[in-house]
Structures are given as structure tokens and as C-alpha cells.
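Per my numbering, residue -18 is the first one in the sequence shown, and the count goes up by one each step.
Heads up, a few of these hints could be off.
[Unchecked claim] Computed Cβ-Cβ distance ranges for the label pairs, DEER-style: (1) His212 - Cys428: 57 to 65 Å; (2) His212 - Cys344: 46 to 54 Å; (3) Phe169 - Ala141: 27 to 35 Å.
Hints in this document: simulated from the structure, not taken from any laboratory. All residues carry an ideal CB built from backbone N, CA and C; glycine is no exception.
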Amino acid sequence: MAKGDDALRRKRNKANRKKERDSSAKVSSRVAAIIASKKRRKSGKRRMCEGMCFSLPTPEDPFNNRHDKKNFKRKGRKNKIPSQEDEEDFVKGEGAALGNEKQSSNLENENVKVVDFMDDEEGLVISVNDMDQKCVVDPEEKVQVIEKEAGKDILETSGACSSIEQIAWIVSIAADTIARKEKEGQSFASPFLLFLVPSQEKAAKVRSICKPLKALGIHTVSIHPGASLDHQIQGLKSCEPEFLVSTPERLLELVTSKAIDISGVSLLVVDGLKPLSNGGFSDMIKSIRKSILGNPLTVVFDDCFSHTSVPLVQNLLLGSAFRLSLNDAITSLSSCIIQSVNVCASEEEKLSKCIQILDEAYCNKLYSQPLKVLYICGKGSKLRDLVTALKVKDYSISTGPSCTISNFENSKKKPPVSMIKVDQISTANLEEYEIVIIPSFELPIDCYVHVLTKMARHTVNGVLHSFVTKENSALAGPLIEILEQCGQAVPEALRYL
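Whenever a hint applies, use it, and build me the whole structure from the sequences.
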């Protein structure tokens, strides 16, 4: 280098830095960060889309080993979209060992864009394809379930808090959505992702996963009681985060003092209902949810199978919900389904209560419209009396395992009621029914478990009503065991039987 070139280079760099300072002073810190991240993406070996998807694996390179090479062999034909039957499937089975070769063999559809952050060797692979369809792949069973309705809320009922892989999946999807929306010219006045956690330790864990995204212009702020309130308020003033990780009590303090606006949150994650259901956290979460306008996509990790957490889940998941579980335990599959057991002294009392429950259910605004109710009648029950009583109340009746609600949508009567016999349970489609009523508990306990784990698969408002008398005392013991296992209330009259 000739003499004086070094001095000229320093002079040019100084002028460039001054020019950048003058230009960045005209915009906010968040916009400046976005501009800087785009410049980094242009200067590096990135894809042309300038979106977050450059950091995600592809079907041709699922483990992102060759992200800087351009010798991919792309296939022209894509597989067709899964049928309606795939939409109704439910993932079962425990997490299994997962290797790189096994993962690649499961990705059979060419239009699947996999988000794979699994450092551990257990769990499910959860991906999103080009049509924003959520895909769940069980590595052991080799089953891929595709949920077409990307706007559905998600209830994870495996009985544990979120894992590192699940957090990484949520964060990557949120980051990809932010980049796509900003490319379309949209902006976010509030944090895009709100991640509610039960403790400071979990907040630090979530933030550590989100921290690498800071280099890409996506900031994450962790709020918890471990730091002073004034310090966190000053930090929020200097930074407009895209991701907000917080404990409920500290976030409610900041929202009440108007230190942060969460009205525009698009993705809400509630992690760990067991600690959040106690100590007044439930009321705090309800207040936080009221501060969010609209209907954000909500993901709830349910690690509490007690009936006391059901009202909180119902407050969070207002619409239809898609259930995910890594195991087929009764407690997981029956999560958020209330089991109500009524001990009656006579057949007349059972019939009266069966009609009363139905009338109250249709007056309850908690359920969707039209409400879907199913009666399961035993062979020895007074089926004719029940049908007559329902018709007197002006209810429409549909019988048999193939009964559908759509047949009565245009009826001028009250919403329809479906009715099947015990021997038709195995062939009936139970997942669409929010309320199931067993007027006479004459079915085997295995059939009761089948109904409990198959009903109300797309809602968190499911209720299973059962009516027992002294004649059913032999089934009282097994029924009590199931109620206690699922964290349900056991009536004293049932214990007396």
C-alpha cells in the first residue's frame, strides 16, 4: 500500500460513519435496526427474498448443511394437497429417538418447508409448508398430520411445559412471519409475539433461544420481577421489541402504568398452566388477554390436568382449538373435558336432569352455535321416554352412528340432538360433539374411556355427563379412579356407592 493510502481510507470511513449517523438519526431505533439487518443480508450469502426463510432448512437440504451452495436439484412436480381425511387425524404415540437419516425419510412431500431445531432426540417434528399448513410428523409411527386451518389455536396436552424444540419452532415461525409482513410494507406498533412464562428462569431460557435473532433486527425483551420496574420501563422506552417474554405479574404492572402497549399482539403463547393457575395468576392472565385486541393466534402448553385450570384455558382459547399430544394417556387426551357424574334415586329424576342439562347448555353462550349434543343410551334404558320428552321440548332427534348435524341446520325447531346406543359407540364420530350425555351408566368402563378420549377434539368446552343409580354401584369404583386420575371432582354420593 502506497504512503498516504491508509490515511485516505480512514478519512473515507470517518465520512461514511458520519453520514450513517446523520441518516439513522431521522428514524427510530427499530427502523434503523431493520435497515441495518437488510444491509447485512444484502452483503452476505443470502437468498433473494431477504426474509427470515434464508436461515431455515429446505426439503432439498433439511439440515441446512449446504446453505451456501447453489447446486440444488429441484423437482418440478409437487404432491397434491392432503385430503379432508388427513385434516381430521390425531397424532398419537410417545416421542422416539430421532436421527438425521430418519428425519429426512419422513419428509416425503416436496412442498413441506421444515422448521427443525431438535437438538434432543425425542419429540415430534413440527413443520409448516408453503401453504401455511401446520404439519406434525411422528418419527416412530411415520404419520404426518396436516392442519389446513392455520388460524386455529393450539392446545398442547402432553403434560409438560414447552421444550427447547417447541420454543424454537414458535420463534422461527414468528420471525418468518415478521419478515414476510415487513416485506409487504406492514409495520407493528406492538410486540408481535407475547410469551407468558411462570418464572424468571423460564423467561431467561426463552430469551436465550430468541437472542440470536437480534442480529437480524428482531429484538427480544425479557420482563420479570428479578429486575427493578424503573429499569425495565427505561429499557422499553429505548427499544421497541418484536418479541416480549414476561411473567404475568410484571407485565400487568407495565400495562397498567401504560409503559407498554400489547393491544396489537398477533401471537400469544402461555407456557405452563400448573403454576399459572395458582396464586392469583389466573386473574392476571385474564386481564392481560383483555388488553389484547382482536383474536391473536394462541398456543397453550397445558401441564395441569386438574379441572381448576379449565376456566383459564377457556378464557384463552375462545374459538376452535387444535389439540396436540405426545402420548395417548387418558389424562392427556381428556384434558379440558369436564366429567360430571350425577347420582340419582330414580329413573324419573334421571330423565328430568337429562332434559335440564340440555336446556341449560343451549342457554350457555360459552358453547359454539349450533351446539352439538350426543345422548348414549344403554340397551335397558327407557329410550322411548327420553325421545318423547325431547320432542315435547321441541328438539330435533337424529339417531344412529351416522347421524349428522347438517341435516337439521335449516330446521325451525331447537338445535338438533343426536342419539346412539352403546353398541354403536365404536362406529360413531364422537370428535364433533361438545356435550355427551349418558342417561343410564350401563356401558362398560372401557367404552366410557373411549368416549372421554374421543369427544370434543376441536374445542376446550367439552362436558361428559353421566347418571348413575344404586344399580350401577359395581362401576362406581373404576369410575372414581378415572375421575381422580384426571383431576376431576368426585361427588360424595358416588363414593358412598
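The hints, checked one at a time:
Remark: the range hint 57 to 65 Å for histidine 212 to cysteine 428 is upheld by a beta-carbon distance near 59 Å. Evaluation of the 46 to 54 Å hint for histidine 212 and cysteine 344 yields a pass: the beta carbon distance comes to about 50 Å. In this structure, phenylalanine 169 and alanine 141 meet the distance hint of 27 to 35 Å, their C-beta atoms being roughly 31 Å apart.
Comparing the model with each earlier hint shows no violations; every hint is respected.
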